[in-house]
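Visitor: Chain by chain, the residues run as shown.
Number of protein chains: 2
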Amino acid sequence: MTRPEMVNGFTSEHLSAQPQHIRELIDRRAKVLGPGYQLFYTNPVEVSRGSGVHLYDPAGNEYLDAYNNVVSLGHCHPAVVEAVTRQLSTLTTNTRYLQTDLLDFSERLLATFPAELDRVTYTCTGSEANDLALRIARAHTGNTGVIVTRNAYHGVTAEVAAFSPSLGPASPLGPHVRTISAPDPLRHHNVTDLLRIEIRAAIEDLQRHGFGVCALVVDSIFSSDGVQPFPTDLLSVLAAEVRAAGGVYLADEVQAGFGRTGAGWWGFGRHDVVPDLVTLGKPMGNGIPVAATVLRNEIGREFGQKVRYFNTFGGSNVPIAAASAVLRTIEREGLIDNAREIGAQLLSGFAEIVEAHSFLVEARGAGLFLGIEVTAPDSTEPDRALAQSLVDDLRENLVLVSASGPHGNVVKIRPPLVFSAADAALLLARFADAAARVRR
Amino acid sequence: MTRPEMVNGFTSEHLSAQPQHIRELIDRRAKVLGPGYQLFYTNPVEVSRGSGVHLYDPAGNEYLDAYNNVVSLGHCHPAVVEAVTRQLSTLTTNTRYLQTDLLDFSERLLATFPAELDRVTYTCTGSEANDLALRIARAHTGNTGVIVTRNAYHGVTAEVAAFSPSLGPASPLGPHVRTISAPDPLRHHNVTDLLRIEIRAAIEDLQRHGFGVCALVVDSIFSSDGVQPFPTDLLSVLAAEVRAAGGVYLADEVQAGFGRTGAGWWGFGRHDVVPDLVTLGKPMGNGIPVAATVLRNEIGREFGQKVRYFNTFGGSNVPIAAASAVLRTIEREGLIDNAREIGAQLLSGFAEIVEAHSFLVEARGAGLFLGIEVTAPDSTEPDRALAQSLVDDLRENLVLVSASGPHGNVVKIRPPLVFSAADAALLLARFADAAARVRR
Chain Z
504 MTRPEMVNGF TSEHLSAQPQ HIRELIDRRA KVLGPGYQLF YTNPVEVSRG
554 SGVHLYDPAG NEYLDAYNNV VSLGHCHPAV VEAVTRQLST LTTNTRYLQT
604 DLLDFSERLL ATFPAELDRV TYTCTGSEAN DLALRIARAH TGNTGVIVTR
654 NAYHGVTAEV AAFSPSLGPA SPLGPHVRTI SAPDPLRHHN VTDLLRIEIR
704 AAIEDLQRHG FGVCALVVDS IFSSDGVQPF PTDLLSVLAA EVRAAGGVYL
754 ADEVQAGFGR TGAGWWGFGR HDVVPDLVTL GKPMGNGIPV AATVLRNEIG
804 REFGQKVRYF NTFGGSNVPI AAASAVLRTI EREGLIDNAR EIGAQLLSGF
854 AEIVEAHSFL VEARGAGLFL GIEVTAPDST EPDRALAQSL VDDLRENLVL
904 VSASGPHGNV VKIRPPLVFS AADAALLLAR FADAAARVRR
Chain G
504 MTRPEMVNGF TSEHLSAQPQ HIRELIDRRA KVLGPGYQLF YTNPVEVSRG
554 SGVHLYDPAG NEYLDAYNNV VSLGHCHPAV VEAVTRQLST LTTNTRYLQT
604 DLLDFSERLL ATFPAELDRV TYTCTGSEAN DLALRIARAH TGNTGVIVTR
654 NAYHGVTAEV AAFSPSLGPA SPLGPHVRTI SAPDPLRHHN VTDLLRIEIR
704 AAIEDLQRHG FGVCALVVDS IFSSDGVQPF PTDLLSVLAA EVRAAGGVYL
754 ADEVQAGFGR TGAGWWGFGR HDVVPDLVTL GKPMGNGIPV AATVLRNEIG
804 REFGQKVRYF NTFGGSNVPI AAASAVLRTI EREGLIDNAR EIGAQLLSGF
854 AEIVEAHSFL VEARGAGLFL GIEVTAPDST EPDRALAQSL VDDLRENLVL
904 VSASGPHGNV VKIRPPLVFS AADAALLLAR FADAAARVRR
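If you read the sequences in order, they're chains Z and G.
The first sequence maps to residues 504 to 943 in the working numbering.
The second sequence maps to residues 504 to 943 in the working numbering.
Be aware that a few hints might be false.
What the hints assert, rightly or not - With beta-carbon atoms standing in for the labels, derived distance ranges:
1) Ser519/Z with Pro734/G: 25 to 31 Å
2) Asp736/G with Arg611/Z: 52 to 58 Å
3) Thr883/Z with Asp604/G: 42 to 48 Å
4) Leu518/G with Ala925/Z: 55 to 61 Å
5) Ala562/Z with Gly837/G: 55 to 61 Å
Because the hints were derived from the structure by calculation, they are not lab data.
Quick caveat, the model's predicted, so the values are computed rather than measured.
Think of the CB as a built atom: it goes at the ideal place given N, C-alpha and C, for glycine as much as any other residue.
Work the whole structure out from these sequences, hints included.
Guide: The following block contains the structure:
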């Protein structure tokens with residue numbers, strides 16, 4: 504079994520069509536980079552500079568970046584540059600020394616969560632945060648079974664890859680992992696009822712196999728499942744089922760967190776449920792590696808009594824300085840409100856475009872996380888190739904988006920939170936043009 | 504089973520002896536930090552500034568830092584500050600876009616390795632690098648068995664914690680993990696012969712249980728095993744045994760790498776053996792999270808054909824800029840030579856101190872990685888409490904070191920590579936004073 508095709512991944516069949524300079528760079532990559540690396544787009548993009556919502560290639564072409572969610576404050580935000588430079592010039596040690604900055608930031612971060620979520624452990628990546636969360640959940644529950652959605656992605660450590668089905672059939676799930684459907688209101692009625700039935704079956708099966716139920720792990724925006732913001736009564740139902748079986752609910756906020764959904768700091772808030780553990784990552788440092796596991800104190804007790812956890816860089820000074828600047832900037836610049844407002848503008852604009860094309864069946868989203876579903880005309884049959892054509896057309900016209908979902912047919916739009924009304928208008932205009940061009 | 508005492512860890516029994524300000528900080532930590540955090544020293548150190556080989560507390564006390572190996576170039580080295588600031592102000596994207604900096608650095612990094620080691624994959628932490636290396640090794644060998652030394656430490660993901668016995672008895676090893684003795688020439692004659700016998704037994708046992716042999720994972724300086732630089736004919740023998748059984752040899756250079764041993768870039772070079780995979784971490788970015796797995800191309804082929812590996816921050820611009828500055832600075836400032844020369848000065852100075860005290864039985868080291876073994880007088884019986892007294896006495900006298908080894912009785916000395924002859928003389932003088940004071 505070979506590696507499945509990555510959504511919006513460059514493949515070697517398009518190598519000969521690239522300009523010589525690009526071919527040379529791709530060749531150099533092949534000669535030094537290890538296994539598994541892959542580029543975006545049918546025609547890969549070379550980048551050399553970023554600023555605000557724009558990326559630039561060496562020729563000076565300006566791309567509107569509607570995809571990179573790490574640089575949530577915009578590329579090269581001065582608040583982060585300043586904070587990191589100052590910290591790097593002052594101190595870079597770790598959490599085994601006493602330092603007030605770590606505590607000041609932790610207190611501010613936890614204040615953005617419901618009161619029950621009152622402890623934080625720092626890691627460097629979302630993968631590490633999910634890996635640690637699972638270790639903690641196992642110690643707490645005494646069980647090992649994990650439930651995720653059918654095309655979930657939670658990270659790349661061995662532990663986490665084993666419950667990340669979107670890595671494809673050649674990356675096997677663990678024997679202790681069960682999948683349930685992701686919500687897909689376009690194709691299923693009564694999504695919450697359907698998933699209640701599915702999760703009950705998964706729980707029963709995990710118990711029957713002797714794994715018991717350790718954790719339900721869910722990304723509240725279901726990013727790799729195709730961006731599914733609705734229904735919002737779902738997660739409280741799933742969490743209740745898992746808790747009744749002795750498991751915990753881990754909210755993976757690596758994608759949906761830090762204000763992206765426009766409805767508050769954390770994506771799970773839209774679902775009116777308080778998780779037992781929450782993992783954070785990508786936008787947390789606007790380009791500096793920093794991530795975290797937030798949890799209820801009592802959930803961590805068993806793990807803490809048995810095991811030491813020390814992450815050399817996790818919670819070290821520079822990552823904390825970057826995260827601190829990000830938190831402050833989201834507040835100061837009102838970026839959660841901006842995500843909601845510009846997100847609404849985008850959603851209504853995309854709805855009009857969808858209306859005009861038989862192969863666009865739905866625009867959906869929460870804040871600045873949007874998905875546009877591409878199908879065969881007047882049907883719900885996914886059309887991956889057409890979605891790729893849209894993504895590629897936009898790329899040729901200097902707008903960066905990507906695609907997602909189990910069938911790769913959902914155009915995924917996830918711009919920096921500083922996207923302006925004018926940026927949104929430009930994105931909509933380019934998307935409308937692209938849709939008109941690729942029409943079948 | 505509860506958490507084992509950490510070597511040189513602060514414990515709550517000493518809380519009431521701390522000044523009020525320190526008690527308050529410790530209390531704030533307990534109220535926000537998750538499970539498993541622990542401070543160094545009987546009297547924890549608060550730090551607020553670092554420069555060169557020094558750390559400073561808020562009162563302005565200057566500590567000679569002879570322990571922190573992340574800041575290999577010294578605290579707050581201007582070359583790293585400058586490179587990171589420039590990069591943060593320019594671009595912070597990931598490896599799915601084409602960029603020359605990533606390729607330039609990868610080519611330079613690989614040039615420091617034997618020619619067989621010709622590919623690199625970036626992660627953020629040494630734990631992630633070891634986790635990935637194991638996934639790659641499993642795909643290549645088709646086996647799962649792992650062999651490590653008795654008190655090895657390789658990281659904190661679930662996968663890697665399962666072969667990190669130094670995390671203590673409450674953190675169980677995986678069923679697929681076997682341990683062999685670390686070299687300990689003070690207590691064993693014919694170390695290489697002994698370990699050949701042990702690894703053959705481990706291999707046979709792994710095969711008998713159906714795991715087969717996937718990897719031997721060894722830190723060439725045996726840091727958590729008590730700093731064991733000798734014998735240097737050992738690793739080639741162990742690697743040969745494992746390869747004959749179908750496994751690979753993974754050199755964990757997170758501790759020994761980047762010139763620390765003074766004998767070249769990589770610790771395995773002292774053993775005249777070329778590994779199949781090598782993992783890098785801690786000092787790679789002088790305080791910016793960056794790590795990597797270096798490997799022989801053919802070892803990664805099977806994994807690469809089956810699995811995608813994407814680490815959002817791994818290989819992203821800022822970590823690569825930091826790592827690039829570190830590599831260049833080690834070359835420009837001749838830090839490998841410095842590690843060898845100052846290391847030799849320290850080793851001969853410590854040997855004299857050892858000679859003068861019946862409870863100090865051996866000083867050993869390679870470059871700027873040294874261990875001094877503390878025992879009951881005129882014996883080889885480890886004395887952990889006395890080693891802790893030495894470490895604490897030095898801390899009270901503004902010199903930072905720590906302890907290591909399965910019995911916690913080896914004083915571990917690991918200063919930044921920019922340590923000068925004067926710094927070394929000061930460290931030796933303070934150590935001699937401490938030894939005179941704690942004498943039993």
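Visitor: 55 to 61 Å was suggested as the range; check whether the CB atoms of Ala562/Z and Gly837/G agree with it.
Guide: violated, 40 Å
Visitor: Hint says 55 to 61 Å; check whether the CB-CB distance for Leu518/G and Ala925/Z agrees.
Guide: holds, 57 Å
Visitor: May I ask you to test the hint 25 to 31 Å on the CB atoms belonging to Ser519/Z and Pro734/G?
Guide: violated, 54 Å
Visitor: I want to verify a distance hint. Is the separation of the beta carbons of Thr883/Z and Asp604/G within 42 to 48 Å?
Guide: Distance hint for Thr883/Z, Asp604/G holds at roughly 44 Å.
Visitor: Can you let me know if the beta-carbon spacing of Asp736/G and Arg611/Z is within 52 to 58 Å?
Guide: For Arg611/Z against Asp736/G, whose Cβ atoms are near 54 Å apart, the range 52 to 58 Å holds.
Checked against the numbered hints given earlier, the structure breaks hints 1 and 5 and satisfies all the rest.
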